[in-house]
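K.L.:
Residues per chain are reported as follows:
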Amino acid sequence: MSTYLRAALTIYWKDVTVEARTKETVLGVLVFALVVTFIFKFTFDPAPQVVALIGPGIAWVAYVFAGIVGMGRTFVLERERGTLEALLLAPVPREAIYLGKLAGAFTLMIVVETAMLPVFVVLHDLSFLSLPFAATAVLATLGLAAVGTLFSAIAVHTRARELLLPLLFLPVTLPIIIAAVSSTSLLLDGGGWRDVGEWLRLMLAFDIAFLVLSSWAFEFVLEE
Amino acid sequence: MATVETTRAPTKMGLVQPVLLLAAAAFLLADLYLIFQYAPTERVMGIVQRLFYFHVPTVWVGFLAFFIVFVSSIAYLVKRTDVWDRRAYVAGEVGMLFLTVAMVTGAIWAKPVWGTWWVWDAKLTTTFVLWLIYIGYLMVRAYAPDRQRGARWAAIVGIVGFVDVPIVYYAAELWRSLHPELVTGPFAESGGLESAMRTTLYFSALTFTLLFVYLFRERTAQRANEQALDELRARLA
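From first to last, the protein sequence lines stand for chains X and H. In this note's numbering, each residue's number is its place in the first sequence (first place is 1) plus 1. In this note's numbering, each residue's number is its place in the second sequence (first place is 1) plus 791.
Chain X extracted, bound-state conformation (with noise of 0.2 Å):
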């Protein structure tokens, strides 16, 4: 167990350092995010009192797409100079690499979804932070990572990447999204923990199946 939680940590770690020296993922991805949130503005142009209707859609449509263009980019790196093989050769368990790629696509999202809290406050006067949010969004952002970790395992070895990961990775977090959505809508109209427990509930069991689902179908994905 605990050679299996070093490898999961060092896969981890080894992500989060080239990422803080290239800074190339997490900003094109805040890039991204701000770019959906304002194209909003104009596609709507929200009233002040419609905003905290639409807001919270506004607020995950960009996390959740801000997250589709970040995830597909978790083993494009690997790829691409060809480390993916020397990690596959590693002796450790494939529920390690998952998990450590996992834990990098989470830390991405939760970065991006932090920065862009103020960007709200700026661009549509939507104020979020609280700690039931805080929590919505944690399990939201995990049952994301975990889905997309997956599925974005499968898509970079296919053609048109971009395009299937998408397709793939929307339907099947659905619940998610609708949770997410509907706990922070909750949230903004003044409601607490106790508005928000049932959907809280629902993103946890969500999170826990795919977690235990995706760490065993991982292996069958890079199988070569």
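Treat the hints loosely; a few may be bogus.
As the list claims (entries may be wrong) - Calculated Cβ distances over 12 Å to all of chain X for the following chain H residues:
# : residue
1 : E884
2 : A901
3 : F994
As the list claims (entries may be wrong) - Okay, the calculated beta carbon distance ranges per label pair:
#  : chain 1 : residue 1 : chain 2 : residue 2 : range
4  : H       : T907      : X       : L54       : 31 to 41 Å
5  : H       : L965      : X       : D126      : 24 to 34 Å
6  : X       : E220      : H       : P936      : 30 to 40 Å
7  : H       : L1023     : X       : E163      : 28 to 38 Å
8  : X       : R80       : H       : L965      : 33 to 43 Å
9  : H       : V839      : X       : E81       : 52 to 62 Å
10 : X       : G192      : H       : T832      : 32 to 42 Å
What the hints assert, rightly or not - Sample of chain H residues lacking proximity to chain X, with all beta carbon distances greater than 10 Å (derived):
#  : residue
11 : L806
12 : F818
13 : F827
14 : V892
15 : K902
16 : G906
17 : W909
18 : D912
19 : T916
20 : G927
21 : M930
22 : I947
23 : T1000
Hints were generated in silico from the structure; no laboratory data involved. As the structure is a prediction and not an experimental result, all values here were calculated from the model. Heads up, the beta-carbon is just placed ideally off N, CA and C, and yes, glycines get one too.
Here the structure of chain X is known, so what remains is to put chain H in place on it, guided by the hints.
P.N.:
Here is chain H on its own, set in the frame of chain X:
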């Protein structure tokens, strides 16, 4: 002229398929009689309610087929035999066809009865998501660099998708629900249907299941021959 031995003899259909085909055709004719002559016209909805006898059985087969995708996908990942992959693929293909029919008939029924083609309640949302997962399932294979990897990845999508469906249902149910109550099955309220209607519905479900079994077997054998032919071509090249 070079002679080439096939690695696998072409799959023979035997007697079962013609019998199944005839049975499905006969059942379909009888089903049409029941639907349009035997079953009474529903008082409120009128003639359009008869679509229900096509809609419900095709939904049932669409979900049944996805269950076959799920089971066959697990069997394929465990056993790695082509036959399980073929079963999974064909169930996906034929299931998608049935589910499409189900969605179209449902929409045509909904327009006069509900006044709208589509609503986003739990059942419709789940069906739509399942339909999208079917598409993803078939596309993964199309985009895969080779057949083995396509089969493996599709199996993963099939399993993940199957586990996802009840969660989607639950989430959409929490979100909103305005679909009529279930009229049959374990959650049905008793006395929802008149007996002639019920008989017609069950018979129709049987008919479409029979049609599915025929199509499934036919397409599986066809696919086996396709693969044998591909292998032959590869050896010739």
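K.L.:
Are R80/X and L965/H spaced within 33 to 43 Å by their CB atoms?
P.N.:
holds (39 Å)
K.L.:
Mind checking the hinted window 32 to 42 Å against the Cβ distance between G192/X and T832/H?
P.N.:
This hint is violated: roughly 48 Å between Cβ atoms.
K.L.:
Per the stated criterion, does the least C-beta distance between T1000/H and chain X lie above 10 Å, as a non-interface residue requires?
P.N.:
holds (26 Å)
K.L.:
Please confirm whether I947/H is truly not at the interface, meaning its C-beta sits more than 10 Å away from all C-beta atoms of chain X.
P.N.:
Violated: least Cβ distance 5 Å, not greater than 10 Å.
K.L.:
Does the no-contact call for K902/H survive, Cβ to all of chain X over 10 Å?
P.N.:
At about 25 Å from chain X, K902/H clears the 10 Å cut-off, so the statement holds.
K.L.:
For F827/H, is the shortest beta carbon distance to chain X beyond 10 Å?
P.N.:
Non-interface label on F827/H holds, nearest chain X Cβ at 36 Å vs cutoff 10 Å.
K.L.:
Against chain X, does V892/H keep a CB gap of more than 10 Å to every residue?
P.N.:
holds (20 Å)
K.L.:
Hey, is L806/H genuinely clear of chain X, shortest beta carbon separation above 10 Å?
P.N.:
Fine: 38 Å to the nearest Cβ keeps L806/H off the interface.
K.L.:
Just want to verify: G927/H was marked as not at the interface with chain X; is every Cβ pair farther apart than 10 Å?
P.N.:
Check fails; 4 Å does not lie beyond 10 Å.
K.L.:
The output says F818/H does not contact chain X. Does that hold with a beta carbon cutoff of 10 Å?
P.N.:
holds (34 Å)
K.L.:
Verify that the Cβ of A901/H lies farther than 12 Å from every Cβ atom of chain X, and report whether the claim holds or is violated.
P.N.:
The claim stands: A901/H keeps its Cβ more than 12 Å from every Cβ of chain X (closest is about 21 Å).
K.L.:
Taking C-beta pairs only, is M930/H more than 10 Å away from all of chain X?
P.N.:
violated (6 Å)
Violated hints, listed in ascending order, are 4, 6, 10, 19, 20, 21 and 22; each of the other numbered hints is respected by the structure.
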